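Trainee: Sequence:
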Amino acid sequence: MMERLLSPGGTVAARSDHRPATNDAPARLPAAATPALFLTSSALRDFAAWKMKFDGYMLLTRADNLPPKEQRAILLSLLDEDWTRVIRYALPVAEDTPAKEVVMAMEAHLRTQRNVLVDRREFYSRIQEEGETFDDFLCSLKEIASFCDFCQHCFDTQLRDRVVCGARDDEAVKAMLENKDLTLNNAVDVCRASEVARNTRAELRSGAIGKVSAYQRQRSQTREYGATRDINQKCTRCGYRRHKDSTACPAIGATCRNCGESGHFQSVCGPFDVDVSDASTERTTESLSVPPTSRWGERRHRQCKRQVRQTIADVYTKGLAARPTPQVSVTVTHPAGVANVRCTPDTGAETIVMGSQLALRLGIDIDNLLPAHASFSAVGGNPLECKGQVGCSLELGVTALKQPST
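Letter by letter, the sequence shown follows residues 3 to 408 of my numbering.
What the hints contain is simulated information worked out from the structure, not anything from laboratory work. Keep in mind that this is a model prediction, so the values were computed, not measured. Please note: incorrect hints may appear among the correct ones.
[As the list claims (entries may be wrong)] Simulated crosslink set (DMTMM-like; lysine to aspartate or glutamate; CA at most 20 Å straight-line): (1) K144 - E109; (2) K176 - D163; (3) K53 - D151; (4) K182 - D171; (5) K71 - E97; (6) K71 - D57; (7) K144 - D48; (8) K53 - E83; (9) K236 - D247; (10) K182 - D158; (11) K182 - D172; (12) K176 - E145; (13) K71 - D48; (14) K71 - E103; (15) K55 - D66; (16) K53 - E131; (17) K176 - D191; (18) K144 - E124; (19) K176 - D121; (20) K71 - D82; (21) K102 - D48; (22) K176 - D151; (23) K102 - D82; (24) K144 - D191; (25) K144 - E134; (26) K53 - D191; (27) K55 - E134; (28) K144 - D121; (29) K182 - D151.
[What the hints assert, rightly or not] FRET-style restraints, in silico, Cβ to Cβ: (30) R200 - V88: 47 to 57 Å; (31) V198 - Q235: 50 to 60 Å; (32) D172 - K236: 52 to 62 Å.
Ideal Cβ placement from N, Cα and C applies to all residues, glycine included.
Use the sequences and the hints to build the structure in full.
Mentor: This is the structure:
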């Protein structure tokens with residue numbers, strides 16, 4: 003079988019079918035594989051990046067083999083309206099100019115819009131910022147240098163000098179200055195090696211220090227807790243700092259003015275310290291005759307190996323805290339008068355609860371309380387017997403709270 007082909011000279015050429023057929027048409031990538039790159043910026047650096055991608059686009063699509071007018075049409079389809087007007091009215095290019103020459107004219111037009119001294123000034127003042135890697139610094143230097151119109155013979159020399167002057171690593175700078183025949187590649191290798199060594203050393207040190215610090219922190223906390231515990235422990239007889247010799251306690255043989263028992267001071271007897279004033283003086287004086295609870299008496303029960311519980315407002319908790327609970331002075335205003343009480347407020351409680359003993363000390367008539375319809379329980383779900391409620395106003399500094407107290 004014979005094929006008839008049109009030769010460039012217009013003659014008919016014959017080719018035997020036993021010879022391999024060749025396709026003279028250039029291969030072209032599908033349009034979906036080469037997305038169009040639109041140019042909407044007039045910045046010189048943005049244009050340089052777009053130009054590189056445009057050259058690749060023309061190469062992959064074989065568009066550079068098309069006639070100049072078709073190349074121009076492709077180029078205009080990738081530009082915005084501003085660039086279209088620039089090519090049409092500002093650039094001295096004909097309509098049949100190839101796209102590559104039009105792009106070169108566009109670049110020259112942008113170059114005339116910016117003084118090269120501005121780029122060189124930026125190049126000579128560029129230094130490595132804090133936290134910036136050396137590779138980022140080097141890429142930025144090369145990008146700026148590409149717009150400085152340096153000659154090809156001194157381009158690497160200019161970059162080398164800027165690396166030496168702008169690097170933040172003092173050890174790398176020292177090593178570069180010691181080399182009399184330093185080249186750009188040598189400077190880059192020194193800076194990268196120094197940065198890698200510094201980062202590796204920091205990672206190793208942080209891991210080792212973290213393990214040692216955790217061990218030392220645990221030991222320090224143990225020592226601080228032991229020292230604080232020794233300082234906060236007080237003598238249960240006199241209330242002062244614990245004595246090394248128990249026979250040296252000044253409360254031995256003394257009589258408590260609160261409960262009348264011997265062997266402890268009044269300051270360590272009883273859980274509350276009440277200061278009553280104003281209208282409730284007479285009633286409170288009478289109520290103060292109620293024998294208070296003595297922690298010294300509880301200590302005797304503990305010595306007898308009985309189960310001991312600390313009484314706090316009729317709520318029993320097992321055991322005692324390792325450190326004394328801080329107390330504040332709260333002013334309680336109720337229908338019968340005003341009183342100051344030192345106690346530990348429970349900021350997480352849902353209601354305000356006081357024991358009958360504290361109510362008597364404050365001058366509250368527990369026989370004439372308002373009925374309470376709610377049920378209450380202490381920590382652990384233990385039910386509390388509620389005798390009633392009374393309206394009270396609690397003041398702590400400048401903060402006041404008005405709420406029924408149960």
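Trainee: Hint compliance check: list the failing hint numbers for this structure, sorted ascending.
Mentor: Violated: hints 12, 13, 16, 19, 22, 26, 27, 29.
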